[in-house]
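Line by line, the protein sequences give chains Y and F.
According to the working numbering, numbering within the first sequence proceeds without interruption in unit steps and concludes at 184.
According to the working numbering, numbering within the second sequence proceeds without interruption in unit steps and concludes at 122.
If you are wondering where the hints come from, they were derived from the structure by calculation, not from laboratory data.
C-beta: ideal position from N, C-alpha, C; glycine also.
Be aware that one or more of the hints could be misleading.
[To be verified] Here are some chain F residues the structure puts well away from chain Y; computed CB gaps all over 10 Å:
| hint | residue |
| --- | --- |
| 1 | Pro22 |
| 2 | Lys29 |
| 3 | Leu47 |
| 4 | Arg90 |
| 5 | Lys102 |
[As the list claims (entries may be wrong)] On the chain Y side, residues computed to face chain F include the following (Cβ under 8 Å):
| hint | residue |
| --- | --- |
| 6 | Gln85 |
| 7 | Ile87 |
| 8 | Leu113 |
| 9 | Asn116 |
| 10 | Tyr117 |
| 11 | Val144 |
| 12 | Asp145 |
[Unchecked claim] Covered stretches of chain F, as calculated for chain Y (at least 3 residues, CB under 8 Å):
| hint | region |
| --- | --- |
| 13 | 31-44 |
| 14 | 48-62 |
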Amino acid sequence: MPADVVHADARIGEIYLSATELARRVRELGAEIAHDYDGREPVLVCSLKASLVFTADLSRAIPILHAMDFVELAGYGSSRMGGHQQIRVLKDLDLDVRGRDVIIVEDVVDTGLTLNYLVRTLELRGPASVAAATLLDRPYRRLVDDLPVRYVGFTVPDELYVGYGFDIDERYRELPDLRILNLS
Amino acid sequence: MEPLLPEFHAYRGSEPPRFASPAELECAKVLDYYGIAWDYEPRTFVLEQDEAGRVQEAFTPDFYLPEQDLYVEITAMKQSLVTRKNRKVRKLRARYPGVKIKLFYRRDLERLAQHFHLDLAS
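When you get a sec, could you build the whole thing from the sequences and use the hints?
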């Protein structure tokens, strides 16, 4: 991404976490997961779309056999709600996770509403275990506790972010650094 | 005329809720959307009584999430006006140490609105 494109959009703020810092932490998480799941073959479940970049990097940082699959939920207020008043799955898993160790990969966990729904839904399918890895965590905003958030990249302040998978109107997910999103 | 409420699926109250603000209604819709059981203003906490036992101050949090055993107070007021509610939450915690309550500030609501595109206009 050319620097002038980034600077042309005033909503894209300063770097909060550089690509180097992100890569270092992702490597640590990958090693931790490899240690915890040694001898098993977990399934990384990427919750689309913002966690895609994190999932891709995390997968390559886990030096043990593992599978990868994708799920997408219709977020509240999104154009893809389609008038539904209850959450629904837009893209379901292709893999059968019965008896498998599942690691849900999230971009950010704050209220915990989405992750709670995913955990409950996946647990109905009889996995051996369900854990979650999130790039960013805002535990002080939790409405739902008792979530299996086992791997946390960074606990962050109550800001909004862009880059490294986070978008503004579907743009800038490819930015290598995580930047502050300026709304005002 | 009051706006027509949507059909709630995760509402655990007995009477139809009568929301005091659009922000409360939107938060109820979000909770319902994600299947989080909720109740609206189910309990009033006495914060202060006079010597005769008359209630001098009370507080009724907006939401109760039974599965989380958590009360949630929504406030779309300006940050400068939140002090009074903050004080009430502190008093509630002091008088009822076993009660979990979370205050959602204007800033929290704006974050939710940005994330979930809520209509917070009032």
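* F:Lys29 and chain Y, when compared Cβ to Cβ, separated by more than 10 Å -> violated, 7 Å
* **Distance rule for F:Lys102, whose beta carbon must clear each one in chain Y by more than 10 Å** => Violated, since 7 Å does not exceed 10 Å.
* Can we trust that F:Arg90 is non-interface, i.e. its beta-carbon lies farther than 10 Å from all of chain Y? -> Non-interface label stands for F:Arg90: nearest chain Y Cβ at 16 Å, farther than 10 Å.
* Beyond 10 Å from every Cβ of chain Y: is that where the Cβ of F:Pro22 lies? -> holds, 14 Å
* **Interface-negative label, F:Leu47 against chain Y, beta-carbon threshold 10 Å** => holds, 24 Å
* Does Y:Asn116 pass the interface check with chain F, least Cβ-Cβ distance below 8 Å? -> holds, 7 Å
* **Restraint satisfaction for Y:Gln85 [CB to CB of chain F, less than 8 Å]** => Holds: closest Cβ of chain F sits about 6 Å from Y:Gln85, inside 8 Å.
* Asked: Against chain Y, does the region 48-62 of chain F show at least 3 residues with beta-carbon separation below 8 Å?
  -> Since three or more residues must qualify, the claim that chain Y covers the region 48-62 of chain F is violated, with 0 doing so at under 8 Å.
* **Given hint Y:Leu113 near chain F, where the shortest CB pair must fall under 8 Å** => holds, 4 Å
* Report holds or violated for the interface hint on Y:Tyr117, using the least CB-CB distance to chain F and a cut-off of 8 Å. => With Cβ-Cβ at 5 Å, under 8 Å, it holds.
* Can we keep the Y:Asp145 interface hint, with Cβ of chain F closer than 8 Å? -> Holds - the Cβ of Y:Asp145 comes within 8 Å of chain F, reaching about 6 Å at its closest.
* Asked: With a Cβ-Cβ cutoff of 8 Å, does the region 31-44 of chain F contain at least three residues near chain Y?
  -> The restraint on the region 31-44 of chain F holds, since 6 of its residues have a Cβ under 8 Å from chain Y and three suffice.
The structure fails to meet hints 2, 5 and 14 from the earlier list, while all remaining hints are met.
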